[in-house]
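Student: Chain residues, written in single-letter form:
Protein chains: 2
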Amino acid sequence: MKQSQLFTKTRKEAPRDEVAKNAELLIRGGFVHKEMAGVYAYLPLGLRVLKKIEQIIREEMNAVGGQEIEMTALQDPEVWKKTDRWDDATVDNWFKTNLKNGGELGLAFTHEEAITAMMCQHISSYKDLPCSVYQFQTKFRNEQRAKSGIMRGREFLMKDLYSFHTSPEDLDAFYEKAKEAYQKIFERIGLGDHTFVTFASGGVFSKFSHEFQTVSKAGEDTIYLSREKGIAVNKEVYNDEVLTELGLNKDELEEVTGIEVGNIFKLGTRFSHPIDLKFRNENGEDTSVVMGSYGIGLGRVMGAVVETLSDDKGIVWPESIAPFKVHLVEIRAKDEAEALYKKLTDIGIEVLYDDRELSAGGKFADSDLLGIPYRVVVSGKTIESGKYEVKKRDGGSIQMLGEEELLSFLKK
Amino acid sequence: MKQSQLFTKTRKEAPRDEVAKNAELLIRGGFVHKEMAGVYAYLPLGLRVLKKIEQIIREEMNAVGGQEIEMTALQDPEVWKKTDRWDDATVDNWFKTNLKNGGELGLAFTHEEAITAMMCQHISSYKDLPCSVYQFQTKFRNEQRAKSGIMRGREFLMKDLYSFHTSPEDLDAFYEKAKEAYQKIFERIGLGDHTFVTFASGGVFSKFSHEFQTVSKAGEDTIYLSREKGIAVNKEVYNDEVLTELGLNKDELEEVTGIEVGNIFKLGTRFSHPIDLKFRNENGEDTSVVMGSYGIGLGRVMGAVVETLSDDKGIVWPESIAPFKVHLVEIRAKDEAEALYKKLTDIGIEVLYDDRELSAGGKFADSDLLGIPYRVVVSGKTIESGKYEVKKRDGGSIQMLGEEELLSFLKK
Numbered sequence: 001m002k003q004s005q006l007f008t009k010t011r012k013e014a015p016r017d018e019v020a021k022n023a024e025l026l027i028r029g030g031f032v033h034k035e036m037a038g039v040y041a042y043l044p045l046g047l048r049v050l051k052k053i054e055q056i057i058r059e060e061m062n063a064v065g066g067q068e069i070e071m072t073a074l075q076d077p078e079v080w081k082k083t084d085r086w087d088d089a090t091v092d093n094w095f096k097t098n099l100k101n102g103g104e105l106g107l108a109f110t111h112e113e114a115i116t117a118m119m120c121q122h123i124s125s126y127k128d129l130p131c132s133v134y135q136f137q138t139k140f141r142n143e144q145r146a147k148s149g150i151m152r153g154r155e156f157l158m159k160d161l162y163s164f165h166t167s168p169e170d171l172d173a174f175y176e177k178a179k180e181a182y183q184k185i186f187e188r189i190g191l192g193d194h195t196f197v198t199f200a201s202g203g204v205f206s207k208f209s210h211e212f213q214t215v216s217k218a219g220e221d222t223i224y225l226s227r228e229k230g231i232a233v234n235k236e237v238y239n240d241e242v243l244t245e246l247g248l249n250k251d252e253l254e255e256v257t258g259i260e261v262g263n264i265f266k267l268g269t270r271f272s273h274p275i276d277l278k279f280r281n282e283n284g285e286d287t288s289v290v291m292g293s294y295g296i297g298l299g300r301v302m303g304a305v306v307e308t309l310s311d312d313k314g315i316v317w318p319e320s321i322a323p324f325k326v327h328l329v330e331i332r333a334k335d336e337a338e339a340l341y342k343k344l345t346d347i348g349i350e351v352l353y354d355d356r357e358l359s360a361g362g363k364f365a366d367s368d369l370l371g372i373p374y375r376v377v378v379s380g381k382t383i384e385s386g387k388y389e390v391k392k393r394d395g396g397s398i399q400m401l402g403e404e405e406l407l408s409f410l411k412k
Numbered sequence: 001m002k003q004s005q006l007f008t009k010t011r012k013e014a015p016r017d018e019v020a021k022n023a024e025l026l027i028r029g030g031f032v033h034k035e036m037a038g039v040y041a042y043l044p045l046g047l048r049v050l051k052k053i054e055q056i057i058r059e060e061m062n063a064v065g066g067q068e069i070e071m072t073a074l075q076d077p078e079v080w081k082k083t084d085r086w087d088d089a090t091v092d093n094w095f096k097t098n099l100k101n102g103g104e105l106g107l108a109f110t111h112e113e114a115i116t117a118m119m120c121q122h123i124s125s126y127k128d129l130p131c132s133v134y135q136f137q138t139k140f141r142n143e144q145r146a147k148s149g150i151m152r153g154r155e156f157l158m159k160d161l162y163s164f165h166t167s168p169e170d171l172d173a174f175y176e177k178a179k180e181a182y183q184k185i186f187e188r189i190g191l192g193d194h195t196f197v198t199f200a201s202g203g204v205f206s207k208f209s210h211e212f213q214t215v216s217k218a219g220e221d222t223i224y225l226s227r228e229k230g231i232a233v234n235k236e237v238y239n240d241e242v243l244t245e246l247g248l249n250k251d252e253l254e255e256v257t258g259i260e261v262g263n264i265f266k267l268g269t270r271f272s273h274p275i276d277l278k279f280r281n282e283n284g285e286d287t288s289v290v291m292g293s294y295g296i297g298l299g300r301v302m303g304a305v306v307e308t309l310s311d312d313k314g315i316v317w318p319e320s321i322a323p324f325k326v327h328l329v330e331i332r333a334k335d336e337a338e339a340l341y342k343k344l345t346d347i348g349i350e351v352l353y354d355d356r357e358l359s360a361g362g363k364f365a366d367s368d369l370l371g372i373p374y375r376v377v378v379s380g381k382t383i384e385s386g387k388y389e390v391k392k393r394d395g396g397s398i399q400m401l402g403e404e405e406l407l408s409f410l411k412k
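These protein sequence lines map, in sequence, to chains F and Z. Counting from 1, one number per residue, gives the positions in the first sequence under our numbering. Counting from 1, one number per residue, gives the positions in the second sequence under our numbering.
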């Protein structure tokens, strides 16, 4: 894409009321637009990142057999009353609204109830199990505070998967597969080195749930991390008994803050029982379905990447989720840059081509801010040398590469 | 995909409260799930159709230079007060809600205001124009009546594009391009023969807007159609003066009902003026940006396809938006069907493989209901003949094809 045609402009300053580093950089780069606290729109560059994150998650959810669906935001109170989650006294972050022709509705902050009720139409026998469904769906949460940029939204895109089983043992087996899928996702997104499986509080049906915590100063959770073992314990369950159970020693644990980028939870029959989601087992008896839930907030992941991987010049996108692979910067060499742009896009490389009328310094500063993995400069100097100047955004020195070398370097 | 693994089940009956044919068939086929009147979730088969419609629209919007973004549902009242569209006395279909920490919010029923306000950050000079942005975004409309299935939702996915120009003339040129793009979209989706550009009421800035009306008994609009000229006039502007202006004669017009699957509208400065979206022109003067808007409801398009193209046995999907291209039906020939399934998917053909334990009659009835374009039967009889039985869902007789013939027939 030609940058002169991109409608968004970079900005020197973020809005004054913005305190989160992720939102500051993303707004300055034109990735997102702030509607109000905790409510962000995605502009072309940001949407490209979000869609790449979505696609990685989709592939890994499909790999564990998940089937994609899309539920609705509007919620009928009746099913939420069955699980005692309609009343504002039990759930404090509902957005509620009214139908013109009478009746109150809620905006889903999660979808356990809706999906469990929907599944009553489709699950009746043990032969229908196990199965799992997932969606990328907008959640609404009426947060009192929303000061973490795109990491804590009042409206945000979430991937939530729900699994359905005949027994706790079958759930356990799937749960482990889901845990591995989550680790793959964070690895592929570029957060693998910073993200740790964290033991957190469970519920009636299991002692622990598991969070995926990305270590960051911007995190809102306190966790105790064993880097050696690659696991952590959330402060909420951090006590001697738990440490003994997990075979962890206080001395090996580091107190850090983490961003909860994902969580997985054994629900048991918490929702299927009150909503009456049953299956007939092999003996002809009707039994409540056993469930699990598995969430990832896409904006939160994107925010966590910005928080952990950016430097003082701007964002540093991992290649897997970068809006473009190459930032082609032209400095008084229109024809040559245009020709290279065509060559690169012809072989399927995603290029943002900075063809704007702007000083070299301005273009380089924007390139650092936008954080595209490979910066390729075409200028009078590079033409003279017969080579292109290539620099990786995540560090490393400038390389001078001839055209063939450049193409094979970037095709990798 | 193997049908035995698809979690949705077909149903003999639709819910009793469902009166719309589109929703009846889509619910029976397991394409959608009804949450409540006017609120439908998309299940795997339905989501596949929706995503294909989305991708066709995306390609045509990109082709006219549109840049994809995603705005938010939650709306700050301030900007809507500027255009006098916040008050329930002027807009009667708002869903409104309250922030925990004070203040009312709206759920966007459209996005002119939000996008115009956002553009103030990015447009300042004539050099930034023209440009256009679009999104696939959920709209919320507090409809009094919602009895048309997925064609009139209280919550529904819409593609809305907004264009920005220096002058009415520049808007006019883009508007014509958008009109052609819309015609291509309906053509590609399979509604081309049934869909007509229809003159409808304009606003302060233009005499007419244009609707794209799909002729159907299920339509809610009355239009006067000249099949010969391929255009129609909405009842709301149907009068002698307009007919004369359009060169139409009453005798050549047929009164029919239509489903409004798209509409395009010249907004002029209706929104940019009150929201103060200006650009500096070549003479250094600040002037209001001239705008247009262009909408398509995706669920409505999908519903219109079902309304117009289905028969008494079920849905008939056009190939371009079908959930799968081939419905492979196995009748007591597991090994052979499995082998063909593998061959077809290996060459990139999308196959739903009915490997369920079910009678041939049950499978054929489901196949007709689901409406996948090509039904391929593998049975003892076909194995004996060394050929496969192929039938197009949209009519035509049964063909017997050998393997090579079949592969080349389906690869087309």
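Hints are supplied without guarantee of correctness; some may be wrong.
Identical copies carry no separate label here, and so any pair may be met within one copy or between two of them.
[Stated by the list, open to error] Capping the alpha-carbon separation at 25 Å, the derived lysine-lysine pairs in BS3-like fashion look like this:
1. Lys-392 - Lys-250
2. Lys-127 - Lys-9
3. Lys-96 - Lys-139
4. Lys-9 - Lys-278
5. Lys-235 - Lys-412
6. Lys-127 - Lys-2
7. Lys-12 - Lys-127
8. Lys-127 - Lys-334
9. Lys-139 - Lys-179
10. Lys-342 - Lys-127
11. Lys-343 - Lys-12
12. Lys-100 - Lys-381
13. Lys-278 - Lys-12
14. Lys-278 - Lys-127
15. Lys-52 - Lys-139
16. Lys-147 - Lys-96
17. Lys-363 - Lys-127
18. Lys-363 - Lys-387
19. Lys-217 - Lys-334
20. Lys-278 - Lys-229
21. Lys-147 - Lys-100
22. Lys-278 - Lys-2
23. Lys-2 - Lys-177
24. Lys-2 - Lys-342
25. Lys-51 - Lys-2
For the record, the hints were derived by calculation from the structure and aren't laboratory data.
Student: For each hint, tell me whether it holds in the structure or not.
Tutor: Hint by hint, here is what the structure shows:
no. : hint              : in the structure
1   : Lys-392 - Lys-250 : neither (40 Å within a copy, 68 Å between copies)
2   : Lys-127 - Lys-9   : between (55 Å within a copy, 12 Å between copies)
3   : Lys-96 - Lys-139  : both (13 Å within a copy, 16 Å between copies)
4   : Lys-9 - Lys-278   : between (54 Å within a copy, 16 Å between copies)
5   : Lys-235 - Lys-412 : neither (43 Å within a copy, 60 Å between copies)
6   : Lys-127 - Lys-2   : between (53 Å within a copy, 14 Å between copies)
7   : Lys-12 - Lys-127  : between (59 Å within a copy, 20 Å between copies)
8   : Lys-127 - Lys-334 : between (64 Å within a copy, 19 Å between copies)
9   : Lys-139 - Lys-179 : within (23 Å within a copy, 34 Å between copies)
10  : Lys-342 - Lys-127 : between (54 Å within a copy, 24 Å between copies)
11  : Lys-343 - Lys-12  : neither (32 Å within a copy, 56 Å between copies)
12  : Lys-100 - Lys-381 : neither (67 Å within a copy, 59 Å between copies)
13  : Lys-278 - Lys-12  : between (57 Å within a copy, 21 Å between copies)
14  : Lys-278 - Lys-127 : within (12 Å within a copy, 62 Å between copies)
15  : Lys-52 - Lys-139  : both (19 Å within a copy, 24 Å between copies)
16  : Lys-147 - Lys-96  : both (22 Å within a copy, 23 Å between copies)
17  : Lys-363 - Lys-127 : between (60 Å within a copy, 18 Å between copies)
18  : Lys-363 - Lys-387 : within (20 Å within a copy, 63 Å between copies)
19  : Lys-217 - Lys-334 : neither (43 Å within a copy, 57 Å between copies)
20  : Lys-278 - Lys-229 : neither (40 Å within a copy, 58 Å between copies)
21  : Lys-147 - Lys-100 : between (33 Å within a copy, 15 Å between copies)
22  : Lys-278 - Lys-2   : between (55 Å within a copy, 24 Å between copies)
23  : Lys-2 - Lys-177   : between (42 Å within a copy, 21 Å between copies)
24  : Lys-2 - Lys-342   : within (11 Å within a copy, 42 Å between copies)
25  : Lys-51 - Lys-2    : within (20 Å within a copy, 27 Å between copies)
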